[in-house]
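S.K.: Sequence:
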Amino acid sequence: MDEQDMRDHFLAQAKGCDGLGSPFTAKLCRALAKVLDANTRAGQVVLGWPGDARADALSLRLCGALHALVLTGADERLALIYPPNQANEFEIAAVLPEAIARSDERIVAGLSGAPQTNEIARSAMLLPGFLTVARETGLPLDLCEIGASAGLNLLFDSFHYRYGDAEWGDLTSPVRLAPEMRGLAVPLGGAIDVRHRAGCDTAPIYIADAAARLRLRSYVWADQAARLARLDAALSLAEKFPPMLVKADAADFVEKALAARQHGRAFVLYHSIMWQYLPRATKDAIIATLEQAGRQATAAAPIARLRMEPRDPANSWAVLSLTLWPSGETRRLANCDYHGRWIEWIG
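Take the sequence shown: its position 217, counted from the start at 1, is 217 in the UniProt record's numbering, and no numbers get skipped.
It is worth saying that the hints were derived from the structure and are not from the lab. A portion of the hints provided could be inaccurate.
[Unchecked claim] Computed spacing ranges between beta-carbons, pair by pair: (1) S112 <-> D284: 55 to 61 Å; (2) L184 <-> P310: 19 to 25 Å; (3) N88 <-> M244: 30 to 36 Å; (4) D170 <-> A38: 49 to 55 Å; (5) D284 <-> A55: 16 to 22 Å.
The C-beta atom is built at its ideal place from N, Cα and C for all residues, glycine as well.
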């Protein structure tokens, strides 16, 4: 990618942020597209990025590195353009060059890691799918999440949910999710009994590490205070009930988990907004392993694949789909917002 392609990448990200309800991050990306230059090491790294900036989410890496400076109080002048303060694009662009120069090496270090948000609100999209599996199999669930980040969505059954007038979950939970309802009423009948839960990630975030928690918080867009509050609430739960999380290749993790599945339980592989980042070979291996295991599934040992992923990268929404073996039938359950703001139940 040449320099203009890189600036266009930031402008495209700005458009996406506008569509996902983050006008500040949109302005920040547009300002960065204007002011980035080779006068700093960070500017050189970004403008000379050797890979695919979109696939690597480079703009969000830089936004996260800047947000971390604000969250830690490391740059008071930069914080003046961040929410809750109101700044226009011109004011943001005026502050950025010196802010980047002041924290040049720290920002460069922040560019090294791919963004992870572990968006908690996606659990409100996944919950009806888990309930569907529990109702239709009549069995306890063994959960296997790939791309689990910090594993916070493995704790989904400790959250409280409201879908219009209907509620589900722990009334005392600090994590409270209430997505906008579209389409049919979400079916919330039945109970969920989770017997085992584990997740993997190639770069897991272990929340006992303060730097890891900061990195996770920094990737939440700065003007979306409700998202940050949800994350902090989920982190407080995870401190009490640490999720089982391992560093592993997704294909290897799935193969081992399926090999160890228990009779009398429904095995549920699930993932949300991560499939697009997997290498083709990893995707193929996971699908092949699932299909092979699915041929051996029975009513007493069923297998489910629940995923919330975009059908078309050009769309601004994701699709919640469920494949359940032994039948192997795939159903489209819902359309939903990437960040869990709304759900349109199809059934």
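S.K.: A separate judgement is required for each hint: does it hold in the structure or not?
M.R.: To see whether the hints hold, each was checked on the structure:
Separation of S112 from D284 is about 28 Å and departs from the stated range, judged on CB atoms against 55 to 61 Å. About 21 Å separates the C-beta atoms of L184 and P310, a value consistent with the hinted range of 19 to 25 Å. At about 46 Å, the beta-carbon gap between N88 and M244 misses the expected band of 30 to 36 Å. Checked against the given bound of 49 to 55 Å, the beta carbons of D170 and A38, roughly 52 Å apart, stay inside it.
A hinted range of 16 to 22 Å for the beta carbons of D284 and A55 is consistent with their spacing of about 18 Å.
Against the hints set out earlier in the document, violations occur for numbers 1 and 3.
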